[in-house]
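Asks: Listed here are the chains, written in short residue letters.
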Amino acid sequence: MGAASGRPHTLRSPPMPDCLSSELPLRLVGGLTTGSIYALIALGYTLVYGVLQLINFAHSEVFMGGSLAGLLTLNALTHHGQSAGAIYFYLAIIPGMLAGGLVAVALERFAYRPLRRRGASRLTYLISAIGASLLLQNIVLLWRGNVPENYPTTITAVPVFSIGTVQVFNRDLILFVAMLLMMFGLDRFVRWSRTGKGIRAVAQDPETAGMMGVNIDRVIVITFLLGGLLAGGGGVLYGMYFGRTRFDIGFIPGIKAFTAAVLGGIGNIRGALVGGLSLGVIENVGSGCLGSQWKDVITFVVLVLVLMVRPTGLLGEGVGGGTK
Amino acid sequence: MPLLEVRDLSMRFGGLVALEDVDLAIESGQIKGLIGPNGAGKTTFFNCVTGVFRPARGAIELAGKSLVGRKPHQVTKLGIARTFQNIRLFANMTALENVQVGLDVRHRTSVVGAIVRPPRTRAEETEATVRGHELLARVGIEKLAGHVAKNLSYGDQRRVEIARALATRPKLLCLDEPAAGMNPAEKSSLMSLIRSIRDDGVTILLIEHDMKVVMGICEVVMVIDFGRTIAEGPPEQVQRDPRVIEAYLGAGAADAAGG
Amino acid sequence: MKLVASLAVLALAGISILFQRRYGARVTAYYDRNHRWAFPLSFVGFFTAAALLPVWLDVAQEELAVSVGVFALLSLGLNVVVGFAGLLDLGYVAFWAIGAYTMAILGGTGPLHFAHLSMWQIMPIALMVALLAGVLLGGPTLRLRGDYLAIVTLGFGEIIRILAENLESVTRGAKGITNIPSGEIPNGNPLVNVIVHAATHVENFWIRLYNAIAPGTPHPTRPVPGQDVIVFGVNPVPYYLLLLFVIVTMVLVIRRLNDSRVGRAWAAIREDEFAAEAMGVPTLKYKLWAFAIGASTAGLSGVVYAARVQFVNPESFGFIISITILAAVVLGGLGSIAGALAGGAVVTLIPEVLRSLPQRFQDARYGIFGGILILMMIFRPQGLIPSRRRAAELKGGAAETKGPLDGGLPADLATGAGDATA
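Chains as they are written, first to last, in the numbering used here: chain A, 1 to 324; chain B, 1 to 259; chain C, 1 to 422.
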């Protein structure tokens, strides 16, 4: 036909697989929500790494602690009810954040500071972090058992709007917006406050910062605190969204979040955001295309590829936790 | 043919131009000095020549062989060794071990050979110890052979670094501010050492801030500022060159301060 | 009885630490001066004692000894990667899994059970497969900086586990592979007869010695003395001896390597990779070798493990194992061969010791383990049997260790291309 009429053959491109076309909005939404949780946790990793060059392995338990605190608060407020009004959820975020901050600060005080005083090597810190992670998990295991506990339903899932055929629920929005607010708050704090400047100074050059009168110990504690607050908040959001919590919920999100931090550029606050969201999306889209059992494989393969092409991560490393 | 020939070397870091169209030639057996104000690009030049950075443009040839694109350890194997501005010894290894790492470049033992230990391997290990001691003696610190590097004095650490670089049997030895932090007596002894190394057949390229050292041992001096060559010639001539004075002391300065 | 034995082990560890504090320097100095005979003597002495140990153990304890052997071997391998070359590998379990699954797939009743090879035939194959995996992983990733390498290796470990779970056609997924052959040596083999003969004599000698020392106490006997030594069936002893043999070989090989240009290169890479490269050390090559050696060691351990338990499934190869082995290496003494073996033993025995605690605490075994890790790092980071060279690096102190806040290069983790302004 084409030849006869003088028009060249047009090649028809192969049809896009469903996972990348019709399902894409669904996957994107899902990815952005899990990605939000990754971002909140990733922030703690990236802050601590920026200031101490330490992979805070136990940060996943900070997240879990916040989730647990949220549960306890909700149980107390609702007298172990099955569900409650949305207001309770918002109330529960505070103790969740505080619990996260508390665990993080305790970690610094008891597991890392003694090492810092002696100038221990990084591997020493890492082993101690691993030990702390195991310890915290098992304390909660002893206390709460290994059966997942349900979060009282506070936010009943209600679709808010639709993108094409995909419904975006209030839960998704709340999660995403809450994450953005927390991140934004942190970013502002690091940029504008004196403490924030101190953090960036210590991250860039601890010796000079010390000589300029920055109280390094205080800065480090605050760094842990900030990361802990956000991860704790993330824990409550997790509980709200997925409806349950357990002693080991930190493990896999923790690994993913650290991966996200590296992906975005370790030490870089915005990198944590970008990395977390990207990872969530890639994971979700990939698992849609290839099957959910391959989700983690996709994640790591992408990570390896990114690191090989752009070793400093998507946004580049932050010299100084909050400068970028 | 010059031993080392560099033509049109240019290096950029993002928007910052570190080196621009730098030409340099060193004849075999020369001691050439590379001087310039802080931040002029001298160490960057070293890094380009030794393969740490890949230059944006330019040719680098050692005895006719191109060095561009080669990894640092390959450049060392071809015959260029260097020392560092901030001494980079293997802190927790002894002085002797540090030197032995340098000697290993010329050893042919493979990993399997290291396990099996055929006669050649054993010979190389013996040679490593013997020659290691010789090199340390050469730089005057043989009795410190068994001392852990980090426990040595600053001056001795510099010497170990030089011995380690010499161990790789270089044709060209690049020294990055070897006299930094030394007192006059140490500097004088360093200068004799450098001369004697040259007399053994090693060509020397020297970055240095101390003008006495530069005047004392360099036959030719090249001056760079802001990544560009601004003068080249015998030290006395360069010292009086108005462009050089301006680069160091600013426009409108009087005679060269010298020293 | 077991409680007493466990406590005895812990007491031994404690005593060794105290002993080291008091006499450590003098003993090591003496050892170094008389190295020529001191090392062979202690080496042969220790491993002979270890080989004869089963004579005194009951079956349950022998099982434990096999576990100790498996983990000691793993620890030995990871020590080369982390302790010598300074590469942080958080996914070491992957190579162990590869060894075990190779054994299972080629020998057991999995979907690919055409081969039905014996353990002895599979061993070299598994070693090659693991080595290949090590090189394939290391090739692209060993250029990355230390922390990135950590994450990538962690990912690799998880990927292997996930592959094992999901490639049902090959690995039978979560159901696992059973009926893995146990490594029998065919009868009538002349070598077998010689060994049986020798083993019988040795065992008789020790039984007589045992009776002379402790007359009257019942000797933990086994059905057919001597014959059992090399029948790979239910009896754990042959596996133990096999592991011991592999460990002995690997210790000698690794020692040789460490005392040669390879060891110097590893130390240089660890100290200052940038300077090492400038001094002509082909850093990537030696890093790859460390990786390869570590991977093949783990592979061998995996083969014997699979033959012993005769069943593999993905659950046994989780991230926690990688962590446990890393903890073993550090607890024993990073960069120290004897330390690695000690660490492997400790890490296997601590959960055993904790078994004698009330049930409540048993579930939280890993928590107590975690607490021990923290305490060790605070009070004795150089481990039980410190490597002389590394002790100073790890303890820290003024001009010595580069900790996270000095801005300098960490002494034990190889960072990437390093200081560009040097």
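FYI, nobody ran anything at the bench for these hints, they're computed from the structure. It should be emphasised that the depicted structure is a prediction, and the values quoted were computed from it without experimental measurement. Please note: incorrect hints may appear among the correct ones.
[Claimed, not checked] Under the rule of at most 27 Å between Cα atoms (straight-line distance), these lysine-lysine pairs were calculated in the DSSO-like manner:
| id | chain 1 | residue 1 | chain 2 | residue 2 |
| --- | --- | --- | --- | --- |
| 1 | A | K295 | C | K175 |
| 2 | C | K175 | B | K71 |
| 3 | C | K285 | B | K65 |
| 4 | B | K77 | C | K175 |
Asks: Indicate, hint by hint, whether the structure satisfies it.
Replies: Checked hints:
1. As the CA atoms of K295(A) and K175(C) are separated by approximately 21 Å, the hinted pair is consistent with the 27 Å bound.
2. As the CA atoms of K175(C) and K71(B) are separated by approximately 49 Å, the hinted pair breaks the 27 Å bound.
3. Using a Cα cut-off of 27 Å, the hinted pair K285(C) and K65(B) holds, with the two alpha carbons roughly 24 Å apart.
4. At most 27 Å may separate the alpha-carbon atoms for a hinted pair to count; K77(B) and K175(C) exceed this at roughly 54 Å.
The structure does not agree with the numbered hints 2 and 4 stated previously, though it agrees with the rest.
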